[in-house]
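Novice: Taken in sequence, the protein lines are chains L and V.
Position one of the first sequence corresponds to residue 454 (my numbering), numbered consecutively onward.
Position one of the second sequence corresponds to residue 460 (my numbering), numbered consecutively onward.
One thing to keep in mind: the hints can contain errors.
[What the hints assert, rightly or not] SDA-like mimics (lysine to any residue), calculated; alpha carbons at most 25 Å apart, straight line:
1. LYS763(L) <-> ARG637(L)
2. LYS908(L) <-> PRO586(V)
3. LYS546(V) <-> GLY485(L)
4. LYS908(L) <-> SER588(V)
5. LYS628(L) <-> GLU594(L)
6. LYS635(L) <-> ARG595(L)
7. LYS546(V) <-> ARG575(L)
8. LYS546(V) <-> ARG927(L)
What the hints contain is simulated information worked out from the structure, not anything from laboratory work.
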Amino acid sequence: MISPPFGSGRDPAEGTAPGPAVAEREPTTLSGIPVQLVYTAEDVSELDPRRDLGTPGSYPFTRGIHATMYRGRLWTMRQFAGFGTAEETNERFRYLLAEGQTGLSCAFDFPTLLGYDSDDPRAEGEVGRLGVAVDTLADMERLFEGIPLDRVSTSFTINSSAEIILAMYLAVAEKQGVPWDKVRGTVQNDILKEYTAQKTYIFPPRPSLRIITDMFAFCAEHVPNFNTISISGYHIREAGATAVQELAFTLADGFTYVEEGMRAGLPVDRFAPRLSFFFDVHNDFFEEIAKFRAARRIWARVLKERYGAKDPRSLRLRFHAQTAGVTLTAQQPENNVVRVALQALAAVLGGCQSLHTNSMDEALALPTETAVRTALRTQQIIAYETGVTRTVDPLGGSYYVEWLTSEMERRAEDYFRRIDEQGGVIAAIENGFVQREIADAAYRYQLALASGEEKVVGVNVFRDDEPAGVPILRIDPEVESRQIARLREVKRTRENRRVRQALAELERAARSGANLMPPVLECVRAYCTIQEMDDVLRDVFGVYEEDVSI
Amino acid sequence: MDAKAEDAPAMAGEARPIRVVVAKPGLDSHDRGAKVLARALRDAGMEVIYTGLHRTPEEIVRAAVDEDADVVCLSLLSGAHPVLVPKIVRLLREAGLTETVVMLGGTIPDDDVPAMRAAGVAAVFGPGSDLSEIVRAVREHVARARAGAAGA
């Protein structure tokens, strides 16, 4: 039987200086790496700075991917947003741009993520709830109304159906008269972590990977400034993985995409420069910084040594970071502002290229405008007030940080070996290894919280039982009926013969192995719905069912 | 009645382990909490069936009937609870599961809790809930439901 750490009622630690007793066991990082009291030169005696660190902007990029880093250009401040209909999200986008945000990041609702139209029975109650509802190009046009696509970069959290959303964005660019080579942004498009963490998969792994490599090839030719994938550790971490697991599983997924691209006949330097990454930035300050540094070093070395990449852009691991949603508490939500600030600082000290800071109310609901503004201001304070941007990789050379960077690398390599022994990432997903590792870590963490071994201020220590009392964002339940009405109107006014032809052509391409992007673009221009397109692909590719285990 | 959790099975006059269906309704794909809870209930000696993701209300009710569930624990972090939860409770009752306890966890705003209770949800657990509290609540509600059924 699990017992709460301090029983109920007032917390014995409350109001006393040192708080709960200092643990007697050897302290470890959140990943369980034992930490010494102090680190000295002896702990990093095997580190060769020239070989293992380089200078900022040079191989192996441990210290950062740019020589001038934030002096040259600050990270992109990119708040994830999306709710309700396209109108409402468009309004939030414009608000964020007016408040000094420098890139957009779009969240879709679950029906869109899973390839269902807003009027499908499965979408009932879900439309516009956790992101914006997009059924057809008409929604995408409205979403970017008044936002010139050659002036912003937009990141889309879309995986299954990424090819459809990208095609819609390109079609909007056409309508705005913006050439595709001026279109910048990212589709998440990382299907492997869907099977292990985020779980918005539609098709089985093999056809999903084919769609992704089709996009690599199409974009290399036609949309050269668009990131075709954002290889994501964020969801792996949020699902319960440790920092070491996040690092290892994300990079292993990345290697798999490189191998798939090469297997599809693309030279590595043709697509690797457009691969980007997305990591979580969690509470354990130095471990997070070490994780980012280790990720850059591992990626550069493997791309160069194993895959023969020569273009320096292929070797540079560029990443977006988001503060850890799982660390937000519903209790005493104002404390979240502090957590987010510290996590964001770790991301900046770790050399991120773009950053999302969570809002204080996100353990309760999607954020209000006020809460989002504070989150954005947090980044602006780090950028303009703290002075941490003055020098590149200010923690480089710290005995502890360098030791920890190398230790994270060693532990990630252990995982790479274990995955290789099973026949690679896809095999390790299919046999459930990755999912089990993540679920075990999640459960261990929850037990550690229950025993008080891990502490969360306001939740299992320093509690007060006052209700949260912050205003939260309400999604108008009428959103669903408005969206359905709009969808019906599009279906009524479009040219249905063109729709049928476009869908038939999509099916032919799916069956023949031809690149899917051209027929998807034609479907999108004909105002086919997302479900019409995905249903064609479901028929051809089948659907993925996960093996349910606990 | 205020049965102590540990005494519950004996007081209800039977030793059958508590059977729990942990379910993910709708398109919500956040399964960390559901899986952690499923393990915790199993480790507390209950028989746990996890439905997996993306289940319709009808599929969840069928699982509850097939598994003879004492409790259905719904996990929702998608904001779809105002629509899906009342529907599931109604379908459960229509399927004759009048004593089956329904509990709800996830990101449920405080303001929505009264409506969830009114719909027939016995208890609602938000983020940061202690696992042991949930385990205790499951035991208590099942003890009450079994006692009610025995007395009927």
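Novice: Now look at each hint and say whether the structure bears it out.
Specialist: Evaluated hints:
1. This hinted pair checks out: LYS763(L) and ARG637(L) have alpha carbons roughly 24 Å apart, not beyond 25 Å.
2. Under the criterion of a C-alpha separation no larger than 25 Å, the hint pairing LYS908(L) with PRO586(V) is consistent with the structure, at around 15 Å.
3. At roughly 43 Å between alpha-carbon atoms, LYS546(V) and GLY485(L) are farther apart than 25 Å, so this suggested pair is violated.
4. With a CA separation close to 14 Å, the supplied pair LYS908(L) and SER588(V) stays within the 25 Å bound.
5. Distance check on the hinted pair: LYS628(L) and GLU594(L) sit about 9 Å apart at the alpha-carbon level, within 25 Å; holds.
6. With a C-alpha separation of about 20 Å, the suggested pair LYS635(L) and ARG595(L) falls inside the 25 Å cut-off, and the hint holds.
7. For a cut-off of 25 Å, the pair hint linking LYS546(V) to ARG575(L) stands: about 13 Å separates their Cα positions.
8. The hinted pair formed by LYS546(V) and ARG927(L) meets the criterion: a straight-line CA distance of about 21 Å does not exceed 25 Å.
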